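Starting from the known structure of chain V, arrange chain U with the ligands on it as the hints suggest.
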Amino acid sequence: MKVLVPVKRVIDYNVKVRVKPDQTGVDLANVKMSMNPFDEISVEEAVRLKEAGVATEIVVVSIGPQQAQETIRTALAMGADRGILIKTEATVEPLAVAKLLAKVVGEESPDLVILGKQAIDDDSNQTGQMLAALLDWPQGTFAYKLEKDGGALKVVREVDGGLQTVKLTLPAIVTVDLRLNEPRYASLPNIMKAKKKEIAEKSPEAYGVDISPRLTVVKVTEPATRSAGVKVEDVAALVAKLKTAGAV
Amino acid sequence: MAVLVIAEHNNAILSDATAKVVTAASKFGSDVDVLVAGEGAGAVAEAAAQIAGVRKVVHADGASLKKQSAEAMEALVVPMMAGYDAVFIAATTTGKNIAPRIAAKLDVMQLSEIVAVIDPSTFVRPIYAGNAIMTVKSSDAKKVITVRGTAFPAAEGGGSASVEAAPAPAGPFKSEFISDEMVKSDRPELTAAKRIVSGGRALGSSDKFKEVIIPLADKLGAAVGASRAAVDAGYAPNDYQVGQTGKIVAPELYVAVGISGAIQHLAGMKDSKIIVAINKDEEAPIFQVSDYGLVADLFIAVPELTKAL
Ligand SMILES: Cc1cc2nc3c(=O)[nH]c(=O)nc-3n(C[C@H](O)[C@H](O)[C@H](O)COP(=O)(O)OP(=O)(O)OC[C@H]3O[C@@H](n4cnc5c(N)ncnc54)[C@H](O)[C@@H]3O)c2cc1C
Ligand SMILES: Nc1ncnc2c1ncn2[C@@H]1O[C@H](COP(=O)(O)O)[C@@H](O)[C@H]1O
Chain V
1 MKVLVPVKRV IDYNVKVRVK PDQTGVDLAN VKMSMNPFDE ISVEEAVRLK
51 EAGVATEIVV VSIGPQQAQE TIRTALAMGA DRGILIKTEA TVEPLAVAKL
101 LAKVVGEESP DLVILGKQAI DDDSNQTGQM LAALLDWPQG TFAYKLEKDG
151 GALKVVREVD GGLQTVKLTL PAIVTVDLRL NEPRYASLPN IMKAKKKEIA
201 EKSPEAYGVD ISPRLTVVKV TEPATRSAGV KVEDVAALVA KLKTAGAV
Chain U
1001 MAVLVIAEHN NAILSDATAK VVTAASKFGS DVDVLVAGEG AGAVAEAAAQ
1051 IAGVRKVVHA DGASLKKQSA EAMEALVVPM MAGYDAVFIA ATTTGKNIAP
1101 RIAAKLDVMQ LSEIVAVIDP STFVRPIYAG NAIMTVKSSD AKKVITVRGT
1151 AFPAAEGGGS ASVEAAPAPA GPFKSEFISD EMVKSDRPEL TAAKRIVSGG
1201 RALGSSDKFK EVIIPLADKL GAAVGASRAA VDAGYAPNDY QVGQTGKIVA
1251 PELYVAVGIS GAIQHLAGMK DSKIIVAINK DEEAPIFQVS DYGLVADLFI
1301 AVPELTKAL
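Protein chains in written order, with the working numbering: chain V, 1 to 248; chain U, 1001 to 1309.
These are calculated hints, taken from the structure and not from any lab test.
Check each hint, because a few of them may be wrong.
Said to hold, decoys possible - In silico DSS-like pairs for lysine-lysine, Cα to Cα no more than 30 Å straight-line: (1) K1280/U <-> K231/V; (2) K1219/U <-> K154/V; (3) K145/V <-> K103/V; (4) K154/V <-> K1174/U; (5) K2/V <-> K1174/U; (6) K1219/U <-> K243/V; (7) K1280/U <-> K16/V; (8) K1066/U <-> K167/V; (9) K219/V <-> K50/V; (10) K1105/U <-> K202/V; (11) K145/V <-> K1208/U; (12) K219/V <-> K2/V; (13) K1210/U <-> K1273/U; (14) K219/V <-> K1142/U; (15) K1210/U <-> K241/V; (16) K1105/U <-> K154/V; (17) K1208/U <-> K231/V; (18) K167/V <-> K1174/U; (19) K2/V <-> K145/V; (20) K1137/U <-> K87/V; (21) K197/V <-> K32/V; (22) K241/V <-> K1208/U; (23) K145/V <-> K1105/U; (24) K1066/U <-> K145/V; (25) K1194/U <-> K154/V; (26) K154/V <-> K167/V; (27) K1273/U <-> K219/V; (28) K1066/U <-> K1184/U; (29) K219/V <-> K1105/U; (30) K243/V <-> K1194/U; (31) K241/V <-> K1280/U; (32) K1307/U <-> K1219/U; (33) K103/V <-> K154/V; (34) K1208/U <-> K243/V; (35) K1307/U <-> K1208/U; (36) K1105/U <-> K87/V; (37) K1307/U <-> K241/V; (38) K148/V <-> K1066/U.
Model, not experiment: these values are computed from the prediction.
Bound conformation, chain V alone:
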């Protein structure tokens, strides 16, 4: 089984983002960038499928600037086999990402595409589902557990209220949730090995996909801040405050 894993380069999840004073966006200058945390989980899952003899080849793909190559290298160091960088300086919205990924799927014919459930920068939670629609493939979103079952894939999904198990006919799309696995750190020898792995470079134009945005950002502002509250001495003081505020 061939597995395709799209990975996005995003601001590191530990960085406190700052809105630019001119309200055009958030400040990305000189901040640490990393692989989207959900995508680390996707890569890990693909590598585990390979280690279990279920997956035969893992191809990672990233759409972004030249530096997204580092994100691909990280995935290669974790155990993916080769990479594709679709290079662009433009902001690519989930719909356009899904269209580009559909082209990659056309070329590579994977049996399974594993994506993150959401990118922690735009918090869209769309790309996997859109890709599934464009390909007319079934989808297993917010995966908690995956299990190959003959020509099908059983996906246990995290849903409001509990868990839901669905069976997907392959080829299929999976988006991963946080508890699917715990991603490994790449070992030094594997980081060295990853340097020799192939990364093909492409462009959105070469795929004939129009990536012009459908959404225009009017402004980006700071969220309303809460005024810092008070510290109470003890439980009795807390109860008194809550009673005065009418909260209990």
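Then chain U with the ligands, alone, in the frame of chain V:
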């Protein structure tokens, strides 16, 4: 402007989320129809018809819609969209699963988890776990929107819309439902609760979580939440997670017990009306958003609080 609202339900009960989405939808356009897609969901359709401001309820009933799978919902909704300018759905796991599939088929960019409607093409949504708020204008002819429930009040009852039947898509689909494993609870649902008590990693075990958090929640008639760390450690079920990637809540009262206040957790609860934090570390970031902070050992303070209430 005609809007289709996709109802959230379990074939028996209409979720409160739907009336909130109707409020958001009516800011977009005045002709709001509600789609109830399910199996044996007649009572849900009747309930939807009573939401004030609804023009009509479209009730599609059949086996293929029992679980509202994304594949079946796409087949049902995409053709219907010829008659609508927008489709609105709650940003729940069901809505998030379905909406992007519809958007891609309509060739439009979805607007995820909106918190305000400025005009029929301009919307507000949080990004970066709520650390930035984006106002965005869509140039697409039709809008596909998921709505953050905490940002809109529920529409009133008292309506009497007509209910119109629609056929369910035939299938079969390439995705098959196998089973559900739902957490049984008599407590209020997290996203609808007026009060929430959440526990963090500090609880240390599932037994302690039950022993310390539950009595306080019972006393307050509150729902129970948890940080990701507490869920990952198995102290609480997945479904309890509050935060960027869990539930977004905004109750009247949120009590954070032994939770440090990571940005991903704050993303899910900082719009609560009153926040109480109990933490033994006075430097914990949770105190920067709490109205009342108590620096104390939770194993002593929480039972004391439960008793004092
Ligand atoms: C992509 C991504 C998404 C995430 N999404 C979420 C999410 O949706 N929700 C979420 O919650 N997290 C999320 N996280 C995780 C988040 O970053 C934090 O790791 C997590 O919230 C920490 O949980 P905690 O506060 O319970 O644990 P800790 O950070 O370990 O805090 C425990 C706190 O308990 C206090 N404490 C210890 N003992 C006691 C005692 N006896 N009495 C009183 N206080 C005590 C400590 O002082 C400390 O402040 C996400 C992370 C990533 C990378
Ligand atoms: N530019 C990109 N390059 C590669 N994969 C992406 C890109 N954008 C989104 N994805 C994938 O889609 C998932 C969901 O992203 P989103 O829909 O933006 O929240 C991510 O976790 C990635 O797996």
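Each hint, compared with the structure:
As the CA atoms of K1280/U and K231/V are separated by approximately 12 Å, the hinted pair is consistent with the 30 Å bound. Distance check on the hinted pair: K1219/U and K154/V sit about 41 Å apart at the alpha-carbon level, beyond 30 Å; violated. Distance restraint check for K145/V and K103/V: the Cα-Cα separation of roughly 28 Å lies within the 30 Å cut-off, and the hinted pair is therefore satisfied. This hinted pair checks out: K154/V and K1174/U have alpha carbons roughly 12 Å apart, not beyond 30 Å.
For the hint pairing K2/V with K1174/U, the CA-to-CA distance comes to about 19 Å; that is within 30 Å, so the pair holds. Among the hinted pairs, K1219/U with K243/V is consistent with the structure: their alpha-carbon atoms are about 14 Å apart, no more than 30 Å. Simply put, K1280/U and K16/V have alpha-carbon atoms about 24 Å apart, close enough for the 30 Å limit, and the pair holds. For a cut-off of 30 Å, the pair hint linking K1066/U to K167/V stands: about 15 Å separates their Cα positions.
For a cut-off of 30 Å, the pair hint linking K219/V to K50/V is broken: about 44 Å separates their Cα positions. Taking the CA atoms of K1105/U and K202/V, the gap is about 26 Å. The hint holds against a cut of 30 Å. In summary, the hint linking K145/V to K1208/U is supported, as the alpha carbons are separated by about 27 Å, within the 30 Å threshold. Restraint check for K219/V and K2/V: the C-alpha separation of about 42 Å exceeds 30 Å, so the hint is violated.
As the CA atoms of K1210/U and K1273/U are separated by approximately 25 Å, the hinted pair is consistent with the 30 Å bound. Our distance criterion of 30 Å between C-alpha atoms is met by K219/V and K1142/U, whose separation comes to about 22 Å. Straight-line distance between C-alpha atoms of K1210/U and K241/V comes to about 26 Å, which keeps the hinted pair within the 30 Å bound. Only pairs whose Cα atoms come within 30 Å are accepted, and K1105/U paired with K154/V is accepted, the gap being roughly 25 Å.
Between K1208/U and K231/V the CA atoms are separated by roughly 25 Å; this keeps the pair inside 30 Å, and the hint holds. Taking the CA atoms of K167/V and K1174/U, the gap is near 8 Å; set against the 30 Å cutoff, the hint holds. Taking the CA atoms of K2/V and K145/V, the gap is near 19 Å; set against the 30 Å cutoff, the hint holds. For the hint linking K1137/U to K87/V, the alpha-carbon distance of about 26 Å falls within 30 Å, and the restraint holds.
This hinted pair checks out: K197/V and K32/V have alpha carbons roughly 24 Å apart, not beyond 30 Å. For the hint pairing K241/V with K1208/U, the CA-to-CA distance comes to about 27 Å; that is within 30 Å, so the pair holds. The hinted pair formed by K145/V and K1105/U meets the criterion: a straight-line CA distance of about 28 Å does not exceed 30 Å. As the CA atoms of K1066/U and K145/V are separated by approximately 23 Å, the hinted pair is consistent with the 30 Å bound.
Pair hint K1194/U plus K154/V does not hold up; C-alpha atoms about 37 Å apart against a cutoff of 30 Å. For the suggested pair K154/V and K167/V, the alpha carbons sit about 4 Å apart, so the restraint of at most 30 Å is met. Simply put, K1273/U and K219/V have alpha-carbon atoms about 26 Å apart, close enough for the 30 Å limit, and the pair holds. Annotation: proposed proximity of K1066/U to K1184/U holds, straight-line Cα distance about 20 Å (limit 30 Å).
Restraint check for K219/V and K1105/U: satisfied, since their Cα atoms lie roughly 28 Å apart, inside the 30 Å limit. The suggested pairing of K243/V with K1194/U holds, with an alpha-carbon distance near 16 Å, which does not exceed 30 Å. Using a Cα cut-off of 30 Å, the hinted pair K241/V and K1280/U holds, with the two alpha carbons roughly 19 Å apart. Straight-line distance between C-alpha atoms of K1307/U and K1219/U comes to about 9 Å, which keeps the hinted pair within the 30 Å bound.
For the given pair, K103/V sits about 26 Å from K154/V by alpha-carbon distance, which is consistent with the 30 Å threshold. Using a Cα cut-off of 30 Å, the hinted pair K1208/U and K243/V holds, with the two alpha carbons roughly 27 Å apart. As the CA atoms of K1307/U and K1208/U are separated by approximately 17 Å, the hinted pair is consistent with the 30 Å bound. Taking the CA atoms of K1105/U and K87/V, the gap is about 26 Å. The hint holds against a cut of 30 Å.
For the given pair, K1307/U sits about 16 Å from K241/V by alpha-carbon distance, which is consistent with the 30 Å threshold. Taking the CA atoms of K148/V and K1066/U, the gap is near 25 Å; set against the 30 Å cutoff, the hint holds.
When the structure is compared with the earlier hints, violations turn up for hints 2, 9, 12 and 25 and for no others.
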